[in-house]
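Since chain A is already given, all that's left is putting chain B on it; use the hints.
Number of protein chains: 2
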Amino acid sequence: MEEKIERLKEILHEIADLSHASALLDWDQRVNMPPGSAQDRGTQLATIEKLVHQKATKEELGKLLEDLSKYVKQLDPDSYDARLIKVAKRNYNKSTKVPTEWVGEFAKEKTLATSVWEKAKPKSDFNSFQPHLEKLVALRRQYADFFKPYDHVYDPLLDDFEPGMKTAEVQAIFNELRPKQVELIKTISQQPQVDNSFLYLNYPKEGQLKFGKEIITDYGYDWNRGRQDLSAHPFTTSFGLNDVRITTRLHPKFLNTALFGTLHECGHALYEQGIDQALNRTPLADGASMAVHESHSRMWENLIGRSYPFWKKFYSRLQEIFPSQLGNVDLDTFYKGINKVEPSLIRVEADEATYNLHIMLRLELEIALMEGSITPTELPDAWNTKMKDYLGIVPPNDAKGVLQDVHWSAGMFGYFPTYAIGNLISAQLWEVMQNDNPEVEKQIEQGNFKEILAWLREHVHRHGAKFEPQELVEKVTGSKINSSAYIRYLKNKFGAIYNL
Amino acid sequence: MEEKIERLKEILHEIADLSHASALLDWDQRVNMPPGSAQDRGTQLATIEKLVHQKATKEELGKLLEDLSKYVKQLDPDSYDARLIKVAKRNYNKSTKVPTEWVGEFAKEKTLATSVWEKAKPKSDFNSFQPHLEKLVALRRQYADFFKPYDHVYDPLLDDFEPGMKTAEVQAIFNELRPKQVELIKTISQQPQVDNSFLYLNYPKEGQLKFGKEIITDYGYDWNRGRQDLSAHPFTTSFGLNDVRITTRLHPKFLNTALFGTLHECGHALYEQGIDQALNRTPLADGASMAVHESHSRMWENLIGRSYPFWKKFYSRLQEIFPSQLGNVDLDTFYKGINKVEPSLIRVEADEATYNLHIMLRLELEIALMEGSITPTELPDAWNTKMKDYLGIVPPNDAKGVLQDVHWSAGMFGYFPTYAIGNLISAQLWEVMQNDNPEVEKQIEQGNFKEILAWLREHVHRHGAKFEPQELVEKVTGSKINSSAYIRYLKNKFGAIYNL
Chain A
17 MEEKIERLKE ILHEIADLSH ASALLDWDQR VNMPPGSAQD RGTQLATIEK LVHQKATKEE
77 LGKLLEDLSK YVKQLDPDSY DARLIKVAKR NYNKSTKVPT EWVGEFAKEK TLATSVWEKA
137 KPKSDFNSFQ PHLEKLVALR RQYADFFKPY DHVYDPLLDD FEPGMKTAEV QAIFNELRPK
197 QVELIKTISQ QPQVDNSFLY LNYPKEGQLK FGKEIITDYG YDWNRGRQDL SAHPFTTSFG
257 LNDVRITTRL HPKFLNTALF GTLHECGHAL YEQGIDQALN RTPLADGASM AVHESHSRMW
317 ENLIGRSYPF WKKFYSRLQE IFPSQLGNVD LDTFYKGINK VEPSLIRVEA DEATYNLHIM
377 LRLELEIALM EGSITPTELP DAWNTKMKDY LGIVPPNDAK GVLQDVHWSA GMFGYFPTYA
437 IGNLISAQLW EVMQNDNPEV EKQIEQGNFK EILAWLREHV HRHGAKFEPQ ELVEKVTGSK
497 INSSAYIRYL KNKFGAIYNL
Chain B
17 MEEKIERLKE ILHEIADLSH ASALLDWDQR VNMPPGSAQD RGTQLATIEK LVHQKATKEE
77 LGKLLEDLSK YVKQLDPDSY DARLIKVAKR NYNKSTKVPT EWVGEFAKEK TLATSVWEKA
137 KPKSDFNSFQ PHLEKLVALR RQYADFFKPY DHVYDPLLDD FEPGMKTAEV QAIFNELRPK
197 QVELIKTISQ QPQVDNSFLY LNYPKEGQLK FGKEIITDYG YDWNRGRQDL SAHPFTTSFG
257 LNDVRITTRL HPKFLNTALF GTLHECGHAL YEQGIDQALN RTPLADGASM AVHESHSRMW
317 ENLIGRSYPF WKKFYSRLQE IFPSQLGNVD LDTFYKGINK VEPSLIRVEA DEATYNLHIM
377 LRLELEIALM EGSITPTELP DAWNTKMKDY LGIVPPNDAK GVLQDVHWSA GMFGYFPTYA
437 IGNLISAQLW EVMQNDNPEV EKQIEQGNFK EILAWLREHV HRHGAKFEPQ ELVEKVTGSK
497 INSSAYIRYL KNKFGAIYNL
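Keeping their order, the protein sequence lines are chains A and B.
Taken in order, the first sequence gives residues 17 to 516; the numbers are from the numbering used here.
Taken in order, the second sequence gives residues 17 to 516; the numbers are from the numbering used here.
Since the hints were made in silico from the structure, they are not lab data.
Possibly wrong hints are sitting among the right ones.
All copies of an identical chain are treated as equivalent in the list; a pair is satisfied when it fits inside any one copy or across any two copies.
[What the hints assert, rightly or not] Distance condition first, Cα-Cα at most 20 Å in a straight line; then the derived EDC-like pairs of lysine to aspartate or glutamate: (1) K509 / E455; (2) K124 / E26; (3) K124 / E30; (4) K66 / E22; (5) K229 / E447; (6) K71 / E26; (7) K105 / E76; (8) K328 / E150; (9) K66 / E26; (10) K126 / E76.
Quick caveat: nothing in here was measured; it's all calculated off a predicted structure.
Chain A on its own, in the form it takes in the complex (with noise of 0.2 Å):
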């Protein structure tokens, strides 16, 4: 058996360093190559994913996983080999459901509904669009077939993504929280407006740049494993739990979108940053799912980012780097100023007490159509009408609504929601860490964060991809993912901001 498992590594191994390559491409892709070479990476990203899928498939690999099942059972349930053989196999089980034929059909066809996407966005035009969305809808109803018997059709998107989780659940969450947040913001709106005026002002970019690198230092990114490079759209990669990289990107007129945008993405850094070596090329040298990343990005950028605490250290700093544009705007205004709270059309740029809304809104139509509820063609109404209800505004056109994303022209259904349940399981952490260390808010205000990383490693990050989400948030707060601390949050917060 010790021979079995030394095997099973060696090709989760293989397969891990295959992936990372893969991922390299990808992140050179989006941060170095020069343009001419897009098809050309198109093929060597297709070349290895084929690769990783023919050896994450192959009968060696399920053999083994089946002769280590029972091996298993004499296992600490806990112990890192059990749990590798957990997730080893259900990967496994996952991976050889789906014929190769679908996945080379789906990988066609979201590149060409993205270049699709890609130009009808800036044309407001629906309608060359929605042939390829029901095109991908249906290939990914086809993909929840392949995982039948199921309790939900969307319950094996969601799958892969919140590894365990059931629709049900989210949709159980979800309910609760919408009437609350919803009433919030109602609530907000009848008060005075704050004024942020001051945010959209020319913000030169070595600035921005250079204080973002001074405050993810001080939260202890670690770069000695990791560096930051600019891009279209920020996102995290890495290759292997020594090379977490990051990406922002400078709006020169809008102070926000660096600077939040790498604290969001430190979050997830310092997350896979914080996972045990023990883990490194395995399956679980990553987050526990989508969610809990998020939750640390979340956590990061807005609970510490955007505190009160958190500026009384900083803002001084910001305002040395950008005294003609911050000089004279007070902490108190700067504060209200980057909590302001507004409806607005556009999710990546909403505030916390909106931004749930925008995910339960695509929730509730991503089931819609995976149900065949709905089918493409009603979706710019549906979408629509859903805004009206929930935020209280109408896009003018469907670039500002129904096309926002590109999330479903990539045939991502499932991954939405992920957003929403990491901003709740930030405020479940983070509610425990207090009671653990009261004196988090006084070390934030003293640009400490050594003692809240460290809590996070303990109880999060370490652990990697070993339990599944709601197991994990189970297990550190000792409830399952719920609304309630972060309502409280919320109405915490915006309540002194709004004087409630």
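Just chain B now, kept in the frame of chain A:
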């Protein structure tokens, strides 16, 4: 047969894609990678190289090539398909002759030897390096023996870099060249020396980079299919024909390093960017050999970039960028300064007239090591004796002598001669080009490189690795590789500079 050739290409494309992923991992390691990931990157590279080796030695490939070798007789012998089959067969035969265990042991030993060399060099400590060199020499002799029978033990090593070329040919060429080059240097040394002290001033890095970029843009480097970065050792690499990247090293107090380094690497890149796109993702999408590659880098660096017409055009621009450094240095002084001939200890800093002697010294020692006529222990003394004979100077220590180059620590025996052969080829090509286009010098004086590039594209670039180096040179120039043109070039150029 059509089907078989399609299948062959499929396999070769897959190998090419994997090799390009490996090349990107390597480029990234030298340009971007955070230091903490060195070990992981080594593992990733090893995994991919193992996969490439597996695919390159698969029985199916051997069988296909066997079958296709009969079919090839029906094809035009100069067609891409015929040449592809021939080159693929040569590569397959070479790869399968080398046992996988040897590949593994060699990879391990050279990594170890390189890390020992890196420490030994600054301490000038040959003794610590000696046992590793011993081991590598033994492994390389063993490698040669896999290719028995051979005319000379050095042949299989040389063949890795110069397909089809024999040690005896290189020796014959060098035996003719050596006395003439020694004689030339002696004559020059009796003349009054030129001044080049102005090259060693403070040259701000931005200006150095800017000038280099302007020139290689004029040379015709295609930025849509390439980019330039900084690295500790300059190099050119490619991930297919549409992404050919160069790197540059900047020295803040020596103008030549970045300037001529950039022109040199651009020469390599122009070659690869000029290969026929029909050859992309095959073993023919490469230079004909390392020497032919080097003929291009040396041509754009020296025959063009250190020529009088070139500086007649561009010197005023360089003065504009560095007014305080070069404002009072006139064109003639500058031209003579960048072409100063002076026997020196370090190969990479050697001028055009002495450079080849550094190479001949190494080649003779390499051959003697492979023949067993000297042992690694005797190497430092043998080195110093030859330095005295050829260049009239003796290194004060091994750091500036036998330990100066990385090649031997990486087991790269067989590579050095390509540098000198490249110089010879550059002059051979140049003479024919000048014959075809007598306006070459005038065009350089106008900063117009279009026809030079077009000539190289037509006669050399587009063919990629279709022809072996001797075959290519004979096809283009009417003669095999020889030193006559280069000696004429040196005498002509340095005769004028040193009033011989």
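These are the hints, each one checked on the structure:
1. K509 / E455: Intra 18 Å, inter 76 Å, cutoff 20 Å: intra-copy only.
2. K124 / E26: Result: close only across copies, 19 Å inter versus 31 Å intra.
3. K124 / E30: This pair counts as between: shortest inter-copy Cα distance 18 Å, intra-copy 26 Å.
4. K66 / E22: between (24 Å within a copy, 19 Å between copies)
5. K229 / E447: Intra 28 Å, inter 55 Å, cutoff 20 Å: neither.
6. K71 / E26: both (11 Å within a copy, 18 Å between copies)
7. K105 / E76: within (12 Å within a copy, 31 Å between copies)
8. K328 / E150: Answer is neither; intra-copy 50 Å and inter-copy 64 Å both fail.
9. K66 / E26: Close inside one copy (19 Å) and across copies (13 Å); limit 20 Å.
10. K126 / E76: neither (31 Å within a copy, 33 Å between copies)
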